Amino acid sequence: MSTTPQDLEQLVAQKYRHGFVTDIESDTLAPGLDENVIRHISRIKKEPEFLLQWRLKAFRHWLTMPTPNWAHLKIAPIDYQAISYYSAPKARTDAPKSLDEVDPKLLETYDKLGIPLHERARLAGVAVDAVFDSVSVATTFKDRLAKAGVIFCSFSDAVQQHPQLIEQYLGSVVPHGDNYFAALNSAVFTDGSFVYIPKGVRCPMELSTYFRINAANTGQFERTLIIADEGATVSYLEGCTAPMRDENQLHAAVVELVALKDANIKYSTVQNWYPGDENGLGGIYNFVTKRGDCRGANSKISWTQVETGSAITWKYPSCILTGDHSVGEFYSVALTNHYQQADTGTKMIHIGRNTKSTIVSKGISAGHGQNCYRGLVKILAGAEGARNYTQCDSLLMGDRCGAHTFPYVEVKNSTASVEHEASTSKISDDQLFYCRSRGISQEDAVSMIVNGFCKAVFKELPMEFAVEAQNLLSVSLEGAVG
Amino acid sequence: MLSIKDLHVNVGDKQILKGISLEIKAGEVHAIMGPNGSGKSTLSQVLAGRDGYEVISGSITYKGQDILALSPEERAREGVFLALQYPVEIPGVNNVYLLKAGLNAIRKHRSLPELDAFEFLTLIKEKMKLMHMDESFLNRGVNEGFSGGEKKRNEILQMAVLEPSLALLDETDSGLDIDALKIVAHGVNSLRSPERAILMVTHYQRLLDYITPDYVHVLAGGKIIKSGDKTLALELEKRGYDWLTQVPAINTDNTGAIGA
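Protein chains in written order, with the working numbering: chain U, 1 to 482; chain H, 1 to 260.
Some hints here could point you the wrong way.
From the structure, some residues in chain H lie toward chain U, with a derived Cβ separation under 7 Å [stated by the list, open to error]:
(1) Val88
(2) Ile90
(3) Gly92
(4) Val93
Dumping the calculated BS3-like pairs for lysine-lysine here, alpha-carbon to alpha-carbon at most 27 Å [stated by the list, open to error]:
(5) U:Lys147 to U:Lys74
(6) H:Lys125 to U:Lys459
(7) U:Lys426 to H:Lys151
(8) H:Lys14 to H:Lys226
(9) H:Lys182 to H:Lys230
(10) H:Lys5 to H:Lys25
(11) H:Lys125 to H:Lys151
(12) U:Lys261 to U:Lys147
(13) U:Lys455 to H:Lys151
(14) H:Lys125 to U:Lys455
(15) U:Lys199 to U:Lys356
(16) H:Lys226 to H:Lys63
Hints are computed from structural coordinates only; laboratory data are not their basis. Only a predicted model underlies this, so the values are computations on that prediction, with no experimental measurement involved. The C-beta atom is built at its ideal place from N, Cα and C for all residues, glycine as well.
Throw the hints in and build the complete structure from the sequences for me.
What follows is the structure, given as C-alpha cells:
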C-alpha cells in the first residue's frame, strides 16, 4: 500500500534533461521526398554512382512496401512528405578540418550533454564521433587510431576515402529492401559512423558515437557500418539525445556489423532520445534496424542496450550466426514511462554448427508505459549442437502500465538446445518497506531495487557507461514516490 | 524511551489493535506474547511506520517525540529498528550495499561523517563474527537464496550495524533450529545495553529461555490482557493462552465494539 497511484505519478513526472535547442544556422532541405531529393543528397555528399543507384533502388522498393503494423505499438500515421531529409549545421567556408574550426556553439551543446570533445574524451580515452542532425561533426582521436590501422570516421568520409569497403559491405547484413524503415534509411541516409578494424588488431580504445537531433521537422537517418576483420576486437558505444519538441520526430537508423573469423564486436547503446511529455505529446520515433553477421568461425557479436528514451522504440538488434562456433549475445534494459511504448528484442539466427546465443532482457514499465519483448530464436537444419539461453523479466510499477512478451522459437535441428525463462514482477511494498525501515529514502529504495533488477545487463556495459546507465535510470525514477 | 497510549489501529475496515498502552524505558527488554491473530505483528509494523495501518486513536511517543507522522525511514534514522518476521529478497541488490546505504543515511541524519567502503567493510566484518556469518554473505544479494536461519541472522546483523535505540524483533525465533536460535539469541544479548530498549514479539516461550525479558505482556484480541515478569512466560508455556483469553476476550470484543 506504500506505492499509491499518486506516488507513481510523481515517479513518472521526471523532467527530460537534454531538452535544449542549439541556436545554430543550418542548411536544411525543404520537406518532401522524391527521387530528386535523393539525387540532391547524393550530390551534396559527392557520392560515387554506385551509391546513388543503391539509394534509388531502395527508394523504389520502399514505395511498394506497406507500413509495418505487426508490432504491439500504437503509431500515429507518419507524413513522410512533411519531413526534411537533410539538415546540416552551416559550414563557415568548408568542412571543419580540426576541432578548432567547429562552431563553438556546437561544442557547447556537447558540453551540456556531458560530451566535451576537447577534454573529457581525451581524459576518458574514448574516441567520439558526434553526429549532429544529419552530419558527422568531428571525430576525435583519428590520429592515434590511424596508427593502429583502425579506420573510425564519419560515413561520408568513408564513402570518399574507402569506397571499396563501402561497396563491399554496405547492405550485406541489412539489404536495401529488408524492411520498411531500413529501406527508407537506405534511400535517404545522410551520415553515420564507419569503423574498420584490420586483421588481428585489438582496437586500442572504446569507440563512441554521440547522436543528437537538433533541427525541427527533420528526420535522422544515420547509417553505421562496423567491420572487424579476422581476429580483430572492438568495443563501440553510441549515445543519443534530442531537444524537447511537441511534434514527433523520426529516427530511422540502420546499423550493420560484420565479424569475420575470430573477430569480436561489442556494441553498446545508451538511448535517451526525448520521450515526449507526461501526456504523451512529442518525442522521438526510434525505428531502428540493427543486425550483426558473425560471418567467420569463432566470431562473436554482443549487443547491450539501455533504452530509456523515445516515444516509441521499435528495434531488434540481431545476430546471424553464420560461422561455426560463433556467439551472439543480447543484453537489454528498456524503461517506459508516461505514454512511452517499446517493442524491442532480438533475433538469433543459428546457421553454423555449435553456435551459441544468450538473450537477457529486462523491461521496466511505469506510468502508462507499454513494454514489449519480441524475440526470435531460429535454429536452422545445419546448426548442429546449437544452443540458446533466453531470460526475459518484466518489472511493473503501478497499475496502468503493461508488459508483454512474444518469444518465437523455431528449431529445425534435433541436436539443438533452447532454454527460455520469463518472469513478471512488481516492486513489492515489502521490498520498499524493508529498505525504508533501514533508513533509506523511498526514492533511493526504488532506484536501488530497479538497478538490482537490471544488474545482469549493466555488468555487460563498459565500466564508465555502466555508471552512466545506472545514473540515467535513477534520474528517470527520481521523485518516484512520496 | 517509548510510550504507547490507548492505541487503536485498523487494517481496512477491520479493527486489529483495540487500545494498547505500554511504557518501555531505556535498557529494558519487553516480550509480547499471544495467540495467532492477536495483533502482535501489527503492533511492531505500526511502530516501524509501515503504510496500510490506520491509527484511529491513541499516541506513540518515542524519545519524547510523536512519531506517528514520521515515515519509516525517518523513524529508522531516529533509531527505531524492526527485524522482520519474513525478511524479503531483493534480487541483484548486494546485501552489504543495502546496509551501507542504510547506515550512511542514518549517520547523515545525525550529522556524522559517512563511512567509506573500506571503513564499512571493517565494521561489517567485525559484526559478522558476532553472528557466525562467513564472508560469502558480503557478495550475496539481499536475502537472495538465504535459508530461513540465514535470513534471521542477517536481520540481527543489520541491528548490530545500525545500533538502534529501540529494536523491535518480530518473531525472530520462528523457523530457527536450536543452533541458529542460540546464535541469534547470543547476538541479541550482546546488543543489550542501558541505552537500548528491545521489544520482542513471539509466539513461543522458547526464545525467552535464551533472551531473558524484564517484562512479559500477553496480547489477545487487540489488547494487552496481562502483564508480568518472566515467570508469566513460563506459566503460559504450561497452561497455554486459553485461561487468559476465554472470559476477558468477550469483554475485549465489547469494548472494541463500543470504541469503534
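Hints, verified against the model:
1. Val88: holds (4 Å)
2. Ile90: holds (5 Å)
3. Gly92: holds (3 Å)
4. Val93: holds (4 Å)
5. U:Lys147 to U:Lys74: Violated, because 49 Å separates the two Cα atoms, which is more than 27 Å.
6. H:Lys125 to U:Lys459: holds (26 Å)
7. U:Lys426 to H:Lys151: holds (22 Å)
8. H:Lys14 to H:Lys226: Satisfied, since the Cα-Cα distance of roughly 23 Å is no more than 27 Å.
9. H:Lys182 to H:Lys230: Holds, at roughly 19 Å.
10. H:Lys5 to H:Lys25: Given pair H:Lys5, H:Lys25 holds - Cα atoms ~14 Å apart, limit 27 Å.
11. H:Lys125 to H:Lys151: holds (17 Å)
12. U:Lys261 to U:Lys147: Measuring from Cα to Cα gives roughly 23 Å; hence the hint holds.
13. U:Lys455 to H:Lys151: Given that 27 Å is the threshold and the Cα spacing comes to 22 Å, the pair holds.
14. H:Lys125 to U:Lys455: holds (25 Å)
15. U:Lys199 to U:Lys356: holds (24 Å)
16. H:Lys226 to H:Lys63: The given pair, whose Cα atoms are some 25 Å apart, holds under the 27 Å limit.
The structure shown violates just one earlier hint, number 5.
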